[in-house]
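Quick note, the sequences are listed as chains X and S, same order.
Under the numbering used here, the first residue of the first sequence is numbered 1, with each subsequent residue one higher.
Under the numbering used here, the first residue of the second sequence is numbered 471, with each subsequent residue one higher.
Everything labelled a hint here was simulated from the structure, so no lab data went into it.
Be aware that a few hints might be false.
[Said to hold, decoys possible] In silico BS3-like pairs for lysine-lysine, Cα to Cα no more than 27 Å straight-line:
{"#": "1", "chain 1": "X", "residue 1": "K28", "chain 2": "X", "residue 2": "K61"}
{"#": "2", "chain 1": "S", "residue 1": "K479", "chain 2": "X", "residue 2": "K178"}
{"#": "3", "chain 1": "S", "residue 1": "K511", "chain 2": "X", "residue 2": "K27"}
{"#": "4", "chain 1": "S", "residue 1": "K480", "chain 2": "X", "residue 2": "K175"}
{"#": "5", "chain 1": "S", "residue 1": "K511", "chain 2": "X", "residue 2": "K175"}
{"#": "6", "chain 1": "X", "residue 1": "K125", "chain 2": "X", "residue 2": "K100"}
{"#": "7", "chain 1": "X", "residue 1": "K178", "chain 2": "X", "residue 2": "K148"}
[As the list claims (entries may be wrong)] Interface residues of chain X toward chain S, partial, derived using beta-carbon atoms under 10 Å:
{"#": "8", "residue": "Y4"}
{"#": "9", "residue": "Y5"}
{"#": "10", "residue": "Y26"}
{"#": "11", "residue": "S88"}
{"#": "12", "residue": "L96"}
{"#": "13", "residue": "N99"}
{"#": "14", "residue": "Y196"}
Even for Gly, the Cβ is constructed at its ideal location relative to N, Cα and C.
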Amino acid sequence: MNCYYCGCRLSEHDFCTGCGADVSVYKKIMYLSNYHYNDGLEKASVRDLTGAVRSLRQSLKFNKNNIEARNLLGLVYFEMGEVAPALSEWVISKNLRPNKNIADDYINMIQANASRLETINQTNKKFNQALSYCQQDSLDLAIIQLKKVLSLNPRFVKAHQLLALLYINDEEWEKARKELRKCYQIDRSNTITLRYLKEVDSVFEAEETQKSGGKKRNISEESVKYQSGNETIIQPVGGKEKGGFAALLQIGLGIIIGIAAVWFLILPSRVQAERTKVNEELKKVSEQSDAKSATIDDLNQQVSTLTTQVETMQTQMDSYEGVDGTLSIMDKMIQAIQAYMTAPDDAVAIEEYLDAIEQEVQIEETSESFQAMYEQLRNEIGPKLATQYYDIGYEDYMAQRFAEAIPSLEKVVQYNSENGYALYYLGNCYKEVGEIEKAKEIYRRVIAEIPNSERQRKSQQFLDELESME
Amino acid sequence: MINFEEELKKFHPSLEVEDVEEAIYNQDLTDMADLLIKMVKESEPEEE
């Protein structure tokens, strides 16, 4: 602390040791300034921002050069969302002490971000606009504008308060209380906030009293309260009066409720259980039915198989049976034997019977005795047949009836393969009728089977001719 | 009971950034110390 007169540093005395001026009052003024600064600092630390503003302004009224008080005042304004007054204080502080001043940092912090500064400016303008709307009685517009302000600067206490006032005016108490609570969280001792909050709380209290009062009255109407020794006994009123019709009504109600419980709770479960039982029975019967159906299908299949077998056997039996019911092949065999016994030289007749047997049945499928009889007859008539057929075939050959000669000569070759002439003539017949391949086959047999003969030489010649023709 | 109209009158327009300079110039920075010095200076000629 320096002397206001000569600038000399002051001591503990009430006069300046440099110029002798009386500095007692000056010292008291400085002490008062510092006292209010300390008070403001304490209040700010417990968020009593309004109180802090009051103390700090008081401090600055005593000593405008109290830089700490001015800087703190700026900070408190900033915390309350009032950026322009904060800037104002910091700028003055900077002017009073250009060097080593923390206000310099605060100013730079705000000015460094141009968009933030613009936002702050817009916030203030919108608040002023909202206030203007309020004065013009456009309260809805004011509310909208204030909501915008608070979205940009949620710590703007004045905006919260104005919005709360508008809600109070609209009797939207809950919203008002919400806004005021936000104000309270920022600034604990703002008179306007506390007054509005008291008003809103009183409304809520009145409502709660009204509700609880109604309940209490109901309780007091329904009960009798009296003291028995040290105990307070609350006895319901009219408990004993219930009887007669009321009792019957209650019994009736009980019965109805009981029936309803049976109907809605017990009966459905019983019905469900019965249904399950029936379903299980149905399932069992269905399974048995399926098994029986499968058995019937198997039996039907067996029947159809057996029927087919019976039909096949019947067909076979029919083929074996003759007109009069005897087996036709046996009949023909007997006829062949009879013909052999009566006219053994008539080989052609016997052969007709044997051929008829061969047409009806496969000889290999007949019994051994039948086959032996058949073979014996064939062997007996074979040479005779060969002779007879050779005569017929030779006669046709010589008469140049080659086509007619072929079957007879074929028979000769069949029954007597050693007859070289028959084979040679057969080849010639085939050549003459134009069956070249047959003719060539026969000629080859002649060449192989009858060596060193004229027939062999001629057969070779004819074969060469036929092959050269191709 | 809060009177809306009366309460509204207690709200004043917020200081805008453009107006800060003017506000600073117009601010009366006279403090108690200034008044004391002025009083002391005014009393000195009378004493002389």
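Here is what the structure says about each hint:
1. For the suggested pair K28(X) and K61(X), the alpha carbons sit about 13 Å apart, so the restraint of at most 27 Å is met.
2. Taking the CA atoms of K479(S) and K178(X), the gap is about 23 Å. The hint holds against a cut of 27 Å.
3. For a cut-off of 27 Å, the pair hint linking K511(S) to K27(X) stands: about 17 Å separates their Cα positions.
4. Note on K480(S) and K175(X): the hinted pairing holds, with a Cα-Cα distance of about 21 Å set against a maximum of 27 Å.
5. Restraint check: the Cα-Cα separation between K511(S) and K175(X) comes to about 58 Å, which exceeds 27 Å; the hinted pair is violated.
6. Restraint check: the Cα-Cα separation between K125(X) and K100(X) comes to about 33 Å, which exceeds 27 Å; the hinted pair is violated.
7. For the proposed pair K178(X) and K148(X), the alpha carbon gap of about 17 Å is at most 27 Å, so the pair holds.
8. With 10 Å as the threshold, the beta carbon of Y4(X) comes within range of chain S, its nearest partner Cβ sitting at about 5 Å, so the hint holds.
9. Hint on Y5(X) holds. Least Cβ distance to chain S is approximately 7 Å, under the 10 Å limit.
10. The interface hint given for Y26(X) is met, as the beta carbon of that residue sits about 6 Å from the closest beta carbon of chain S, less than 10 Å.
11. The criterion of a C-beta within 10 Å of any C-beta in chain S is met by S88(X), whose closest approach is roughly 5 Å, and the hint holds.
12. Taking 10 Å as the C-beta contact cut-off toward chain S, the hint placing L96(X) at the interface holds, the least distance being around 9 Å.
13. The criterion of a C-beta within 10 Å of any C-beta in chain S is not met by N99(X), whose closest approach is roughly 20 Å, and the hint is violated.
14. At a threshold of 10 Å, the smallest CB-CB gap from Y196(X) to chain S is about 7 Å, leaving the interface hint in force.
Taken one by one, the earlier hints fail for this structure at numbers 5, 6, 13, listed in ascending order.
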